[in-house]
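Asker: So the sequence shown is numbered by the UniProt record's numbering: it starts at 1 and just counts up by one.
These aren't lab readings, by the way, just hints derived from the structure by calculation.
No residue lacks a Cβ here, since even glycine has one placed at the ideal position from N, Cα and C.
Misleading hints may appear alongside valid ones.
[What the hints assert, rightly or not] Here are the simulated distance ranges between beta carbons:
1) Pro203 - Gln65: 13 to 23 Å
2) Asp274 - Gly102: 36 to 46 Å
3) Ala247 - Thr105: 30 to 40 Å
4) Arg228 - Glu106: 14 to 24 Å
5) Pro203 - Gln117: 26 to 36 Å
6) Asp64 - Arg228: 24 to 34 Å
7) Ser131 - Ala94: 18 to 28 Å
[To be verified] The list that follows gives simulated cross-link-like pairs (lysine-lysine, DSBU-like), each with its CA atoms no further than 30 Å apart:
8) Lys150 - Lys217
9) Lys114 - Lys73
10) Lys114 - Lys150
11) Lys217 - Lys73
12) Lys114 - Lys89
13) Lys150 - Lys73
14) Lys73 - Lys214
15) Lys214 - Lys114
16) Lys239 - Lys214
17) Lys73 - Lys89
18) Lys239 - Lys114
19) Lys239 - Lys217
20) Lys239 - Lys73
21) Lys217 - Lys114
22) Lys239 - Lys150
23) Lys150 - Lys89
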Amino acid sequence: MKKSHPLRRVVLAGAATVSGIVLLLTLKPSSDPAAASAEGTPQGQQSVAPQGSGGVQAAGGGGDQTLTGDVVKTEYGNVQVRITMSGGKITSAAAIEAPSGGRSTEVSTNSVPKLNQAAIQTGSADIDAVSGATYTSGGYKKSLQSALDKAGASSATGGGSGGGGGSADASGSTGGSTGGSTGGGSAQAKTLTGTAVETDYGPVQVRITVTGGKITKAEAVKSPSGGRSSQISGDAVPKLNQAAVAAGSADIDAVSGATYTSGGYKESLQSALDQAGG
Numbered sequence: 001m002k003k004s005h006p007l008r009r010v011v012l013a014g015a016a017t018v019s020g021i022v023l024l025l026t027l028k029p030s031s032d033p034a035a036a037s038a039e040g041t042p043q044g045q046q047s048v049a050p051q052g053s054g055g056v057q058a059a060g061g062g063g064d065q066t067l068t069g070d071v072v073k074t075e076y077g078n079v080q081v082r083i084t085m086s087g088g089k090i091t092s093a094a095a096i097e098a099p100s101g102g103r104s105t106e107v108s109t110n111s112v113p114k115l116n117q118a119a120i121q122t123g124s125a126d127i128d129a130v131s132g133a134t135y136t137s138g139g140y141k142k143s144l145q146s147a148l149d150k151a152g153a154s155s156a157t158g159g160g161s162g163g164g165g166g167s168a169d170a171s172g173s174t175g176g177s178t179g180g181s182t183g184g185g186s187a188q189a190k191t192l193t194g195t196a197v198e199t200d201y202g203p204v205q206v207r208i209t210v211t212g213g214k215i216t217k218a219e220a221v222k223s224p225s226g227g228r229s230s231q232i233s234g235d236a237v238p239k240l241n242q243a244a245v246a247a248g249s250a251d252i253d254a255v256s257g258a259t260y261t262s263g264g265y266k267e268s269l270q271s272a273l274d275q276a277g278g
């Protein structure tokens, strides 16, 4: 029996070794880090990327809105305005189309930045025309108003600076003035457009803003232009606008050297005042 002990030990040792090897082979596949990364990483990346990009787009789409007005044709070229609004206010304005070529380029370069700034300051299309750029200013205001209409901003800004009345024509202004006089809204601004008066050098048409029974703003939406007439209108109209506000009536002096323009201006101004009950 003693001679058989060494052999039994060898057998037992061999069996233990085989068992250890089998256990190692069994455990290796489940603990292989390469297999785990090959299966897990791509799926994680594909699921996260679309969610992240979608969140950014959603955040960027809220708040600001960009609106492009209609293209308005003038005698010197097209005018088109684009605005950015935030919280119901104009935060940015730009003319993406403006008259160009020859003298028109110089006029646009001078007037468009002023019109952009005025649009932001007033928050409406009720802005003054830039002297010497009557047609560009008129086209700018029309395109700006159409952009505001798309945003439904006419009513939102109307109570502050008279912008709500800026898009009203002569017939619409008549109704507004009647309602204001009977409804006790004397402090509310009303915009009234006079009739177009034909002169020997071209039509003249005046638009005014009346607040509390007083003229707070006046502008010529039409005036003689072309050649010498443009220069005369550019000099006379701002003076007539200022005189109308100062006098509060159509009883204003004619500008020297602009007799026809002054006469047409006064007549159109009076027709606008008549719509407001004088």
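Asker: It remains to establish, for every hint, whether it holds in the given structure.
Answerer: Okay, the hints, checked on the actual structure:
no., hint, in the structure
1, Pro203 - Gln65: 13 to 23 Å, "37 Å, violated"
2, Asp274 - Gly102: 36 to 46 Å, "41 Å, holds"
3, Ala247 - Thr105: 30 to 40 Å, "37 Å, holds"
4, Arg228 - Glu106: 14 to 24 Å, "18 Å, holds"
5, Pro203 - Gln117: 26 to 36 Å, "29 Å, holds"
6, Asp64 - Arg228: 24 to 34 Å, "45 Å, violated"
7, Ser131 - Ala94: 18 to 28 Å, "21 Å, holds"
8, Lys150 - Lys217, "25 Å, holds"
9, Lys114 - Lys73, "20 Å, holds"
10, Lys114 - Lys150, "23 Å, holds"
11, Lys217 - Lys73, "26 Å, holds"
12, Lys114 - Lys89, "18 Å, holds"
13, Lys150 - Lys73, "19 Å, holds"
14, Lys73 - Lys214, "33 Å, violated"
15, Lys214 - Lys114, "26 Å, holds"
16, Lys239 - Lys214, "18 Å, holds"
17, Lys73 - Lys89, "26 Å, holds"
18, Lys239 - Lys114, "19 Å, holds"
19, Lys239 - Lys217, "12 Å, holds"
20, Lys239 - Lys73, "27 Å, holds"
21, Lys217 - Lys114, "18 Å, holds"
22, Lys239 - Lys150, "34 Å, violated"
23, Lys150 - Lys89, "14 Å, holds"
In this structure, the hints that do not hold are numbers 1, 6, 14, 22, in rising order.
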